[in-house]
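4 protein chains.
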Amino acid sequence: MAKMKAAIFVGPGRIVLDDKPIPDVGPLDALMRVTTTTICGTDVHILKGEYPVAKGLTIGHEPVGVIEKLGSAVQGFREGQRVIAGAITPSGWSNACLCGVGSQDGAGTPHGWKAMGGWKFGNTIDGCQAEYVLVPDAMANLAPVPDGLSDEQVLMCPDIMSTGFSGAESAGISIGDTVAVFAQGPIGLCATAGAKLSGASVVIGVDRLPERLRMATQMGADHVIDASQVDPIEEIMRLTGGRGVDVAIEALGTQATFEAGLRVLRPGGTLSSLGVYSTDLKIPLGAFAAGLGDHRIITTLCPGGKERMRRLMSVVEAGRVDLGAMVTHRYKLDDIEVAYELFSHQRDGVLKVAITP
Amino acid sequence: MAKMKAAIFVGPGRIVLDDKPIPDVGPLDALMRVTTTTICGTDVHILKGEYPVAKGLTIGHEPVGVIEKLGSAVQGFREGQRVIAGAITPSGWSNACLCGVGSQDGAGTPHGWKAMGGWKFGNTIDGCQAEYVLVPDAMANLAPVPDGLSDEQVLMCPDIMSTGFSGAESAGISIGDTVAVFAQGPIGLCATAGAKLSGASVVIGVDRLPERLRMATQMGADHVIDASQVDPIEEIMRLTGGRGVDVAIEALGTQATFEAGLRVLRPGGTLSSLGVYSTDLKIPLGAFAAGLGDHRIITTLCPGGKERMRRLMSVVEAGRVDLGAMVTHRYKLDDIEVAYELFSHQRDGVLKVAITP
Amino acid sequence: MAKMKAAIFVGPGRIVLDDKPIPDVGPLDALMRVTTTTICGTDVHILKGEYPVAKGLTIGHEPVGVIEKLGSAVQGFREGQRVIAGAITPSGWSNACLCGVGSQDGAGTPHGWKAMGGWKFGNTIDGCQAEYVLVPDAMANLAPVPDGLSDEQVLMCPDIMSTGFSGAESAGISIGDTVAVFAQGPIGLCATAGAKLSGASVVIGVDRLPERLRMATQMGADHVIDASQVDPIEEIMRLTGGRGVDVAIEALGTQATFEAGLRVLRPGGTLSSLGVYSTDLKIPLGAFAAGLGDHRIITTLCPGGKERMRRLMSVVEAGRVDLGAMVTHRYKLDDIEVAYELFSHQRDGVLKVAITP
Amino acid sequence: MAKMKAAIFVGPGRIVLDDKPIPDVGPLDALMRVTTTTICGTDVHILKGEYPVAKGLTIGHEPVGVIEKLGSAVQGFREGQRVIAGAITPSGWSNACLCGVGSQDGAGTPHGWKAMGGWKFGNTIDGCQAEYVLVPDAMANLAPVPDGLSDEQVLMCPDIMSTGFSGAESAGISIGDTVAVFAQGPIGLCATAGAKLSGASVVIGVDRLPERLRMATQMGADHVIDASQVDPIEEIMRLTGGRGVDVAIEALGTQATFEAGLRVLRPGGTLSSLGVYSTDLKIPLGAFAAGLGDHRIITTLCPGGKERMRRLMSVVEAGRVDLGAMVTHRYKLDDIEVAYELFSHQRDGVLKVAITP
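Chains as they are written, first to last, in the working numbering: chain G, 1 to 357; chain U, 1 to 357; chain B, 1 to 357; chain A, 1 to 357.
Heads up, some of the hints might be wrong.
[Stated by the list, open to error] Within a straight-line C-alpha distance of at most 16 angstroms, the following computed EDC-like cross-link-like pairs (lysine to aspartate or glutamate) qualify:
| # | chain 1 | residue 1 | chain 2 | residue 2 |
| --- | --- | --- | --- | --- |
| 1 | G | 3 | G | 68 |
| 2 | G | 282 | U | 334 |
| 3 | B | 55 | B | 19 |
| 4 | U | 282 | G | 280 |
| 5 | B | 282 | A | 18 |
| 6 | U | 282 | G | 24 |
| 7 | G | 3 | G | 24 |
| 8 | B | 69 | B | 19 |
| 9 | A | 69 | A | 24 |
| 10 | A | 332 | A | 322 |
| 11 | A | 55 | A | 18 |
| 12 | B | 282 | A | 280 |
| 13 | B | 332 | B | 50 |
| 14 | U | 5 | U | 19 |
| 15 | A | 282 | B | 280 |
| 16 | G | 69 | G | 18 |
| 17 | U | 3 | U | 334 |
| 18 | A | 282 | B | 19 |
| 19 | U | 5 | U | 334 |
| 20 | B | 48 | B | 337 |
| 21 | G | 282 | U | 259 |
[Stated by the list, open to error] Examples of chain A residues toward chain U, derived with CB under 10 angstroms:
| # | residue |
| --- | --- |
| 22 | 111 |
| 23 | 138 |
| 24 | 307 |
For the record, the hints were derived by calculation from the structure and aren't laboratory data. Think of the CB as a built atom: it goes at the ideal place given N, C-alpha and C, for glycine as much as any other residue.
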């Protein structure tokens with residue numbers, strides 16, 4: 001049985017590179033040879049033992065690569081094709097998928113819904129920080145990379161870009177909206193770009209790190225607020241003349257940013273939440289107008305599937321955003337443990353690392 | 001100056017009937033002679049001092065009556081016409097109104113938005129538990145009562161029906177949805193009726209009072225759950241085969257019902273919140289899928305304006321709901337203090353009282 | 001090779017019952033033993049040669065039956081289970097499906113879209129007027145029938161009910177809307193029921209046959225108009241006080257009904273079109289306000305897939321509509337040529353025929 | 001009685017500058033001193049007698065100016081303030097307005113709806129090609145111009161920009177959509193900009209004039225097609241790999257462009273129509289998939305009101321579009337007849353003319 005290298009979760013604090021068999025290809029699967037992948041903040045949660053996955057699982061959910069082998073029932077693709085797959089790989093046929101909510105794909109449950117069930121790579125099945133990755137329900141999930149786009153240009157599509165943009169999309173941003181984005185890590189930066197792309201006239205980026213605020217400006221923020229220097233709530237209310245924002249996007253996953261989002265919303269505004277929380281959340285009574293403010297709080301898990309990937313790549317191809325600048329570091333798969341070390345400690349101004357097997 | 005009787009907030013614990021001048025009519029106003037009105041749970045909050053209003057204010061926001069006098073700039077109506085006005089009286093011209101969010105009407109603010117600003121009667125201007133009430137922005141707010149409908153038949157339109165139905169509408173209920181409604185007071189009962197009217201195939205009503213559960217069945221609930229006997233979360237998960245509901249409607253304003261709503265939602269489901277809360281709210285991490293469940297939490301303040309009233313009355317006229325059964329008690333305005341005594345203590349199975357000046 | 005009986009299109013004017021091999025089951029398929037099916041107006045178009053299909057094709061797209069055999073890759077079902085499948089059988093994995101438009105499923109095309117591509121049964125693959133039918137993409141399309149529902153109770157779900165209801169759904173009917181439905185054949189009757197189920201306060205049914213108008217009343221129409229006696233446009237404008245309707249639903253497929261729908265729309269209204277047209281259509285300039293009326297014309301092809309079927313059956317199970325009354329005649333599959341004869345000439349007040357192999 | 005100069009419709013072929021009384025100010029009105037205005041294609045229709053207005057009416061519906069006098073009931077503004085008003089001036093209080101469809105404002109009708117009723121300036125009341133214009137329902141319609149924006153920078157907001165952008169907005173353009181815009185006159189150019197601003201990844205502009213195609217590129221078109229050289233339908237199908245576009249925007253008002261829009265739509269796509277038609281329209285059966293293509297045809301009349309104007313000016317202020325380049329010619333009001341002469345014959349590459357009283 002042929003072997004490959006893979007970054008494996010051994011236990012809290014330990015993701016190691018080790019050998020694994022190259023997986024067999026079922027009728028609906030595709031085997032992808034990974035050419036570039038990256039590390040996500042969620043992978044760091046897994047590393048730290050804060051998000052539980054099975055020991056021995058291969059980590060990683062952002063694959064760019066080449067089709068090595070197609071399952072017997074897969075049609076419409078050819079081996080050797082350059083493709084990506086989303087971090088979320090909906091089956092297409094569960095009840096959740098047929099409702100358009102593939103991220104909550106309940107394939108395998110009696111009723112067809114499962115919270116976060118669409119997230120499989122590096123969560124419930126082996127992921128893509130490896131030489132090869134098996135893509136389930138390949139016909140729904142393989143998305144050919146347009147000629148002329150490099151691996152790094154599409155590396156953000158599977159997760160960061162899809163998630164960040166969804167923060168703007170789920171909020172239903174209209175032309176002329178004022179939007180605040182709390183936290184300017186990779187997701188928040190993409191939310192900033194997505195808000196701008198959706199027609200917002202004013203986007204306000206909030207973070208505590210100067211280099212992230214600089215990048216926020218590059219991604220389209222009209223104003224940036226250094227939360228280590230000023231109170232972002234006061235500053236946003238000042239910038240908006242006391243009105244507040246139409247949409248606040250939460251992109252960190254903390255009580256502080258969630259709450260700040262509510263506190264800067266105009267009545268009738270929308271808080272679009274992208275962060276992964278680790279505690280119960282508190283909704284402050286006043287900011288919530290005691291439940292009478294026509295507010296909306298909307299959460300979104302990264303949308304996946306090949307059509308989503310196609311659309312996001314078309315945005316890159318059209319030159320409407322340039323997320324390439326987010327790749328600040330590059331490593332070979334052999335050095336992925338070093339990459340985790342750097343990324344998990346946010347050293348050296350790291351935003352995203354490109355990993356090449 | 002002519003006098004009228006009015007139920008006035010004197011201070012916490014005291015709403016008294018007293019004389020007040022009949023108000024002058026400004027150019028955009030209409031003076032309505034009240035023929036029937038009612039007491040709302042919110043009025044009880046005011047009575048108890050839990051919701052602050054100015055001392056001396058006339059209470060009440062659910063008027064049925066006759067146009068006594070029209071402002072000089074008001075066109076399209078005639079004196080003597082039978083009309084209602086919504087509890088919420090949007091100006092029509094503030095920025096919030098022009099965005100379709102008249103309940104957050106900021107007429108008078110620099111930017112045009114104000115939390116709950118559309119609620120004026122018995123909150124920021126004199127209300128309708130009186131012989132006469134001045135309707136602001138009359139052209140946007142006077143709604144003629146169709147011939148053949150009695151006062152009591154349209155008495156729920158200004159608030160209870162508009163609010164309860166909005167719980168179903170804001171949630172975007174689709175044909176075939178399963179919906180749980182937490183609490184079956186007047187608002188919850190209307191939410192039950194509204195969910196059914198919106199195409200839900202299964203509506204589950206939850207309360208602790210047998211007579212309210214009986215009324216829930218009458219309003220269209222397919223299942224009722226007595227929360228004093230069984231755990232409603234377990235029971236709803238059992239009824240739905242472990243799937244949960246597409247939509248939960250909160251109609252009480254407590255942490256317990258808010259939280260239960262989240263706990264019974266399927267991934268991707270919507271919690272539509274109608275209650276007036278008096279404490280900060282907690283979102284439990286697990287039920288919220290750590291922010292990754294594609295959940296939506298939506299609050300709605302009673303929609304107002306003449307077109308809303310027209311539509312609700314057309315529903316009554318078509319016989320699609322019969323809310324008349326909710327009027328359990330009747331009082332003269334002279335006896336309104338007795339009515340408050342009964343209603344605030346929920347004595348004698350009271351749902352709604354009709355007050356006739 | 002085992003044989004079965006099937007109604008086969010031989011050429012214009014000729015659908016005959018003949019023997020065919022029972023089909024082989026591919027990995028994603030399911031073989032359904034048909035227990036009840038029916039004839040659709042579209043089948044009559046095929047019979048007459050007005051809609052082209054391949055000679056030798058088995059006709060029919062409304063199957064109720066039992067799973068006889070599952071493909072090797074199909075999970076989540078068991079042989080012997082009672083199921084239906086929609087007239088439209090989306091793959092789940094094409095780009096169209098992943099956009100939520102499975103009726104335009106382009107599985108097999110380079111880009112994933114194909115006009116009407118989701119309609120396969122009796123159009124591009126063998127249909128279900130036969131003893132057995134092969135269901136493609138079975139995991140997306142098999143929908144278990146709830147215990148206690150008879151074949152005839154769910155016989156309308158695959159097409160008539162799904163199509164008719166979609167007329168109301170696509171129009172975005174709101175509580176309190178006034179709706180006119182042009183033509184009260186099986187589709188129009190279901191549109192009438194669907195409009196009512198969506199919260200319309202007034203539904204006006206138009207047809208030329210008294211028995212269909214009677215059935216319209218039974219399905220929830222508040223007013224019926226016999227277009228053979230009065231001008232429906234004038235009558236609808238009279239009924240609505242000159243305002244027109246919020247939504248018009250076209251359910252026949254002719255210029256006259258399409259145009260009448262536009263002529264009775266209020267400004268800003270929606271014409272929801274369900275009919276299959278056989279000529280170019282004309283939009284009259286005046287009724288269209290020269291393009292400045294904020295009108296919407298929306299067409300919908302019957303939504304399919306197992307979740308759609310589950311939802312529709314839940315509506316039947318909840319007793320919210322009773323479409324059983326539409327089954328006016330019953331035939332054995334052996335007598336299907338007689339059934340076609342009756343149905344295609346609309347003899348004997350026929351609405352729908354139940355065919356049992 | 002003080003006099004002012006105004007461009008008056010005298011009869012087909014004749015708009016002349018003449019003296020008129022400065023209008024009296026009613027309680028809800030504001031008198032605006034016009035500082036800049038422009039001529040619209042619709043004004044040319046009026047000039048030619050193709051669109052009927054009353055003889056003696058002042059023409060023009062795109063005012064930039066200063067508040068000269070406020071009506072007695074108008075609050076929230078001050079005399080001397082720089083403002084614009086939309087071409088469409090909704091009352092805010094009609095039923096149509098309260099449904100969010102102010103362009104079909106039926107203030108004054110029994111039911112509150114009137115086709116195109118929101119368009120008053122230069123149509124049913126005196127317009128703004130004059131030294132002064134009376135703005136009805138001033139509180140709903142006066143929009144202060146942000147400091148730092150010139151008259152010409154906001155001159156497109158009242159009509160061209162609001163209309164063009166609405167073509168993108170009504171279509172519900174999503175991030176990654178492919179959009180074709182038929183005709184690149186002022187409205188089409190704004191539709192091109194609006195599509196880009198809404199997140200389209202590919203916008204294809206079609207026209208027959210090279211200078212308009214150049215401007216289309218400047219406004220964000222990724223591809224331009226010279227319809228005088230190639231067949232735009234074939235070219236768009238080629239550019240999209242046979243798939244067609246998600247959204248087609250019609251911005252001319254002819255059968256040819258309307259039909260072309262349908263012919264390039266993918267199944268499930270939307271034709272967003274902005275043009276003013278002068279003949280009945282034909283929908284070709286094939287392009288319409290016989291009514292089974294899940295197509296949507298949506299018309300939009302220029303949205304108005306102060307909140308719309310505020311939003312559009314915020315887009316200009318944020319530098320997201322620069323429509324200033326569309327002002328190709330400038331005239332004094334005294335020379336407006338010359339301006340009409342130039343504009344109506346589309347001489348000298350004219351796009352928009354600025355008229356300054």
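Hints, one by one, checked against the model:
Of the pairs offered as hints, the one joining residue 3 (chain G) and residue 68 (chain G) holds, with about 14 angstroms between alpha carbons and a cut-off of 16 angstroms not exceeded. Distance restraint check for residue 282 (chain G) and residue 334 (chain U): the Cα-Cα separation of roughly 45 angstroms exceeds the 16 angstroms cut-off, and the hinted pair is therefore not satisfied. Restraint check for residue 55 (chain B) and residue 19 (chain B): satisfied, since their Cα atoms lie roughly 14 angstroms apart, inside the 16 angstroms limit. For the suggested pair residue 282 (chain U) and residue 280 (chain G), the alpha carbons sit about 7 angstroms apart, so the restraint of at most 16 angstroms is met.
A threshold of 16 angstroms between alpha carbons decides the hint, and for residue 282 (chain B) with residue 18 (chain A) the separation of about 43 angstroms lies outside it, so the pair is violated. Distance restraint check for residue 282 (chain U) and residue 24 (chain G): the Cα-Cα separation of roughly 46 angstroms exceeds the 16 angstroms cut-off, and the hinted pair is therefore not satisfied. Among the hinted pairs, residue 3 (chain G) with residue 24 (chain G) is consistent with the structure: their alpha-carbon atoms are about 12 angstroms apart, no more than 16 angstroms. For the hint linking residue 69 (chain B) to residue 19 (chain B), the alpha-carbon distance of about 20 angstroms lies beyond 16 angstroms, and the restraint is violated.
Distance hint between residue 69 (chain A) and residue 24 (chain A) is fulfilled; the C-alpha atoms sit about 10 angstroms from each other, no more than 16 angstroms. In summary, the hint linking residue 332 (chain A) to residue 322 (chain A) is not supported, as the alpha carbons are separated by about 23 angstroms, beyond the 16 angstroms threshold. Distance restraint check for residue 55 (chain A) and residue 18 (chain A): the Cα-Cα separation of roughly 13 angstroms lies within the 16 angstroms cut-off, and the hinted pair is therefore satisfied. Distance hint between residue 282 (chain B) and residue 280 (chain A) is fulfilled; the C-alpha atoms sit about 7 angstroms from each other, no more than 16 angstroms.
Of the pairs offered as hints, the one joining residue 332 (chain B) and residue 50 (chain B) is violated, with about 26 angstroms between alpha carbons and a cut-off of 16 angstroms exceeded. For the suggested pair residue 5 (chain U) and residue 19 (chain U), the alpha carbons sit about 5 angstroms apart, so the restraint of at most 16 angstroms is met. The suggested pairing of residue 282 (chain A) with residue 280 (chain B) holds, with an alpha-carbon distance near 7 angstroms, which does not exceed 16 angstroms. For the hint linking residue 69 (chain G) to residue 18 (chain G), the alpha-carbon distance of about 23 angstroms lies beyond 16 angstroms, and the restraint is violated.
In summary, the hint linking residue 3 (chain U) to residue 334 (chain U) is supported, as the alpha carbons are separated by about 15 angstroms, within the 16 angstroms threshold. Between residue 282 (chain A) and residue 19 (chain B) the alpha-carbon distance is near 45 angstroms, which puts this suggested pair outside the 16 angstroms criterion. Between residue 5 (chain U) and residue 334 (chain U) the CA atoms are separated by roughly 8 angstroms; this keeps the pair inside 16 angstroms, and the hint holds. For the hint linking residue 48 (chain B) to residue 337 (chain B), the alpha-carbon distance of about 14 angstroms falls within 16 angstroms, and the restraint holds.
For the hint pairing residue 282 (chain G) with residue 259 (chain U), the CA-to-CA distance comes to about 12 angstroms; that is within 16 angstroms, so the pair holds. At its closest, the beta carbon of residue 111 (chain A) sits 9 angstroms from a beta carbon of chain U; the interface hint therefore holds under the 10 angstroms criterion. Below 10 angstroms, beta-carbon pairs count as interface contacts, and residue 138 (chain A) has one with chain U at about 9 angstroms; its hint therefore holds. Interface restraint check: residue 307 (chain A) against chain U, minimum CB-CB distance 4 angstroms, threshold 10 angstroms, status holds.
Consistency with the previously given hints fails for numbers 2, 5, 6, 8, 10, 13, 16 and 18, ordered from lowest to highest.
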